[in-house]
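2 protein chains.
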Amino acid sequence: MTESARTKHDALMARAERVIPGGVYGHGALVPPGHPRFYARGEGCRVWDVDGNEYIDFMCGYGPNLLGMREPRVEAAAARQRELGDSFSGPTERMVELGEVLTERVRHADWGLFCKNGTDATTLCSTIARAATGKRVLLVAGGAYHGAAPWCTPTKAGVLDADREYLRTYTFNDLASVERAASEAGGDLAGIVASPFRHDAFHDQELVLPEFARGLREICDAQGAALILDEVRAGFRLTRGGAWESLGVDADLSAWGKAMANGYPLSVTLGSEAFRDAAKRIYATGSFWYGAVAMAAALETIRLVDEEKVVEQLEARGQQLRDGLDAQARAHGLVVKQTGPVQLPYLSFEDDDDNAKVNLFTTEAVHRGVYLHPWHNMFLCLAHREKDVAEALTRTDEAFAAVAKAF
Amino acid sequence: MTESARTKHDALMARAERVIPGGVYGHGALVPPGHPRFYARGEGCRVWDVDGNEYIDFMCGYGPNLLGMREPRVEAAAARQRELGDSFSGPTERMVELGEVLTERVRHADWGLFCKNGTDATTLCSTIARAATGKRVLLVAGGAYHGAAPWCTPTKAGVLDADREYLRTYTFNDLASVERAASEAGGDLAGIVASPFRHDAFHDQELVLPEFARGLREICDAQGAALILDEVRAGFRLTRGGAWESLGVDADLSAWGKAMANGYPLSVTLGSEAFRDAAKRIYATGSFWYGAVAMAAALETIRLVDEEKVVEQLEARGQQLRDGLDAQARAHGLVVKQTGPVQLPYLSFEDDDDNAKVNLFTTEAVHRGVYLHPWHNMFLCLAHREKDVAEALTRTDEAFAAVAKAF
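One line per chain: the protein sequences are A and B, in this order. Using the numbering used here, the letters of the first sequence map in sequence onto residues 19 to 425. Using the numbering used here, the letters of the second sequence map in sequence onto residues 19 to 425.
A few of these clues could be false.
Note: identical chains are not told apart, hence a pair may lie in one copy or across any two.
[To be verified] SDA-like cross-link-like pairs, simulated, lysine to any residue; straight-line CA separation at most 20 Å:
no., residue 1, residue 2
1, K26, Q99
2, K298, A175
3, K174, R258
4, K153, E183
5, K298, T25
6, K298, A32
7, K174, R294
8, K153, R182
9, K298, L225
10, K153, A180
11, K153, K174
12, K298, R36
13, K298, E404
Since the hints were derived computationally from the structure, they do not count as laboratory data.
Work the whole structure out from these sequences, hints included.
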């Protein structure tokens, strides 16, 4: 993307700055200057910015586009429901069907409460944990992201100390830190919130240690607290069901969103039987939470996850990307680390505390039509086929060359 | 709706109870036993339940269906955007256009932050008010509904005292009660939250007294606090712009949702220039908040609000309904009160503290194909034409007869 190819972008940004605080807010604002901020069109794994520049997209809407944008079978399922209607004064049969599908799929889950934002789902988990246990303290990993509500937002402006009064932190994969925090809660521990793996921004990703996951489960059992798994970011990409099932660890409550309806707005809190009564006692609602079109899209998305073996496909393409990037970096004499699951790529450079290298790398890639993120985990989708990843790699090689030249 | 016509409903409820806490949760669960809980289809002002029973719908999805379900021009606008894509990693030009339309339309508004739930919009107002003022206390009217987050949910299960530590109440239309609460805040008043009129559930509705609205503005100005207007429920039905503009009162922050995209999930916080910097400093985001399809639907919905003179149309049909119901009640020797704006009907019976009369009335109406709510304000939509209201009235007459016979 050359300067001259940003005419419409810059004009739109000037308009946006008049009517939107900062022009763009939220996660879409958190990109270096060279990255596009406004999108015009998307199809599969490709997006086009407002100036018509095309990108192979490795952010996938920060997760929602699991199968690729405008997946025809999902669009057809959504269209069929749309003919019947979307926002009623109550649910449709789609909600019941989706509850049945998810409780069959996720081992710990006996019920689901559908909502719209990932933040809704994590907040419902916290509220249900407190209602069920009658206790107050929640433990979260320091640096983990669980949403943008006052109790969890990473930005403190407008947030009161009271909003966090019963929130304590631990260090991911450090069981002693959890034991310490749980003990300090002094019998008032309502729940421990964890991500399936450490996927913090600005930080190398970290897979969970099996003994850590099992240790969390034991501490929750010993304290009568809820184990809350935040699957919003990684759900449907990582495993078929709950992320820690293969470790023998089941959550009590889990939060899901993003990818579940391939871009249609939907999230859900899943829970085990012991927490059903508390889920009935809290008040969970939103104007659009019965929206049947998003639920129809989710039913078809989840069907396709199995039919198309999405987890396996994403693993294969993620490995292809990781291997290719590794080889290229080495060839250019650069040392990079790629961490976390291959389906959610994350790349960092050695000796790059100020992110100068990774910013240059992703900016050069973006200028060559490959949309990469410098400090947030990326996302693969089913529409990334072998040839798309291969095409992206031909361009990242030049981006590595630019980094090698500059440093 | 006879008992035999509920076969599918009861079977679906049995399935739902297995996978959804309570079977149906949220506002859709808050109806008497005779009311349908599961919907199959909707068109204009008509909905059909899962057993095929047809209703003239006076709830409109609890607000979202402003023009009627499946309004062809809104659906066409949404479809055009859907061809381009929905959930990108950033916004599209639709967000900027919608920001321009809303800031032109609502007098106090210089900017907007788009979100999904009404609760998102009211919570953003609170957070921005606190960030801007550096103060903590929020005043809300006792009994008013501003969402389902811990700070505002009407149900206390799972909510901590800390979540409400800086929340105080006043009585709607009682300026002395506001003055008292504001004074008790002792210089720590961040904002006063108000609904355009008192639309509490289980309570006759109450229009705002002009001197009350003006008094709130004066108190906020004197204390350096934000006046926050919650337009989620009534917005786009009551007035063209802000609800209190005709009284000469502008909010600092306002929350909107429900009707703005005719059923597509979208809400927004609007704010004045003085609060823009605080809106930039907080972290406002959600996985689907850039969703372009809902914004395209909103642009067309708002265009149609003007073109079709929706506020005036709803007033005319609301008056027709109110006059008809009044005449019928009188003819049956019943005393009813109809309160609030005619576009958001609310009916109660004299000497009916346990709601027995109004429950019987709405249940009898529902059995005759007119969906009314016993203790929540109802909603008109543009698709309620004169003949639909007239048809509904032929059936409510029989429902009043049943009440007159029973009491």
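Broken hints, by number: Result: hints 3, 5, 9 and 13 break, sorted rising.
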